Amino acid sequence: GYDDVYARRRTRGRESFLRRRLTAAFYALLRHTTRVPMQPNTGDFRLLDAVCIRALRRLRESQRYTKGMFSWIGFRKHELLFDQQDRVAGQSKWGFFKLLNLAIEGITSFTVAPLRIASVCGAIVSLLAFAYGLFILLKNLIYDDPVAGFPTLMVTILFLGGVQLLCIGIIGEYLGRIFTETKQRPVYFVSSYNGERAD
Numbered sequence: 007g008y009d010d011v012y013a014r015r016r017t018r019g020r021e022s023f024l025r026r027r028l029t030a031a032f033y034a035l036l037r038h039t040t041r042v043p044m045q046p047n048t049g050d051f052r053l054l055d056a057v058c059i060r061a062l063r064r065l066r067e068s069q070r071y072t073k074g075m076f077s078w079i080g081f082r083k084h085e086l087l088f089d090q091q092d093r094v095a096g097q098s099k100w101g102f103f104k105l106l107n108l109a110i111e112g113i114t115s116f117t118v119a120p121l122r123i124a125s126v127c128g129a130i131v132s133l134l135a136f137a138y139g140l141f142i143l144l145k146n147l148i149y150d151d152p153v154a155g156f157p158t159l160m161v162t163i164l165f166l167g168g169v170q171l172l173c174i175g176i177i178g179e180y181l182g183r184i185f186t187e188t189k190q191r192p193v194y195f196v197s198s199y200n201g202e203r204a205d
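Just so you know, this note's numbering puts the end of the sequence shown at 205, numbered straight through with nothing missing.
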């Protein structure tokens, strides 16, 4: 049998076009930035085997993005598709800002990709500044065009700014590793041993 049986929305009822697009963009971002295969359009309600419950209990972090945790522990999963029905009464308590906070929690709980933005920006700025400086140098050597003070000043500022962003990115890499280690997640889970379930 399966260890984790969950329901996935096949249709999302009368949700607005913007909300559907933002939801799809969020799951696409998670899929490309995390090493954990997240199941899109799923809820938190599911049937879990005891082995999954024990694995979840070993995850001690206080900020618990459960959709990510269900995916992270692994084990044999099976999805059941359903069509989301329109709400009969009342309104959803999950407004835009609550969903935004949930998205931020999901991204920051299972990926350090945001910390790498500084490294990428720093590398791009430094390369552009270096290319621009090389262009100014060649222009001066080939065409004997005297270089005004402003372009060289801009090259210097951009290059040093790029180096600073790279350094911040390196610090971010170490922070990401500290962040991951402080969660103290198990390295792996054993689902079976010598053909028998590992309880």
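Among the clues, some could well be false.
Claimed, not checked - Lysine-lysine pairs mimicking BS3-like chemistry, simulated, CA-CA at most 25 Å apart:
{"#": "1", "residue 1": "189", "residue 2": "99"}
{"#": "2", "residue 1": "189", "residue 2": "73"}
{"#": "3", "residue 1": "73", "residue 2": "83"}
{"#": "4", "residue 1": "99", "residue 2": "73"}
{"#": "5", "residue 1": "145", "residue 2": "189"}
What the hints assert, rightly or not - Restraint-style ranges between C-beta atoms, simulated for each label pair:
{"#": "6", "residue 1": "18", "residue 2": "39", "range": "19 to 25 Å"}
{"#": "7", "residue 1": "108", "residue 2": "141", "range": "17 to 23 Å"}
{"#": "8", "residue 1": "43", "residue 2": "90", "range": "21 to 27 Å"}
{"#": "9", "residue 1": "187", "residue 2": "163", "range": "34 to 40 Å"}
{"#": "10", "residue 1": "80", "residue 2": "146", "range": "20 to 26 Å"}
{"#": "11", "residue 1": "106", "residue 2": "137", "range": "33 to 39 Å"}
{"#": "12", "residue 1": "51", "residue 2": "21", "range": "28 to 34 Å"}
{"#": "13", "residue 1": "145", "residue 2": "69", "range": "49 to 55 Å"}
If you're looking for bench data, these hints aren't it; they were derived computationally from the structure.
Quick caveat: nothing in here was measured; it's all calculated off a predicted structure.
Built from N, CA and C at the ideal position, the CB exists for glycine as well.
Status of each hint after checking the structure:
A C-alpha spacing of about 30 Å is found between residue 189 and residue 99, which places the hinted pair above 25 Å, so the restraint is violated. Restraint check for residue 189 and residue 73: the C-alpha separation of about 17 Å stays at or below 25 Å, so the hint holds. With a CA separation close to 13 Å, the supplied pair residue 73 and residue 83 stays within the 25 Å bound. Only pairs whose Cα atoms come within 25 Å are accepted, and residue 99 paired with residue 73 is accepted, the gap being roughly 19 Å.
Restraint check: the Cα-Cα separation between residue 145 and residue 189 comes to about 54 Å, which exceeds 25 Å; the hinted pair is violated. For residue 18 and residue 39, the hinted distance range of 19 to 25 Å is satisfied, since their beta carbons lie about 23 Å from each other. Under the hint 17 to 23 Å, the C-beta atoms of residue 108 and residue 141, about 46 Å apart, miss the expected range. Distance hint check for residue 43 and residue 90: the Cβ-Cβ separation is about 22 Å, which falls inside the suggested range of 21 to 27 Å.
The supplied range of 34 to 40 Å is met by residue 187 and residue 163, whose beta-carbon atoms lie about 37 Å from each other. For residue 80 and residue 146, the hinted distance range of 20 to 26 Å is not satisfied, since their beta carbons lie about 60 Å from each other. For the pair residue 106 and residue 137, the beta carbons lie near 37 Å from each other, so the given range of 33 to 39 Å is met. Hint check: residue 51 to residue 21, Cβ distance near 18 Å, so the stated range 28 to 34 Å is violated.
For residue 145 and residue 69, the hinted distance range of 49 to 55 Å is satisfied, since their beta carbons lie about 53 Å from each other.
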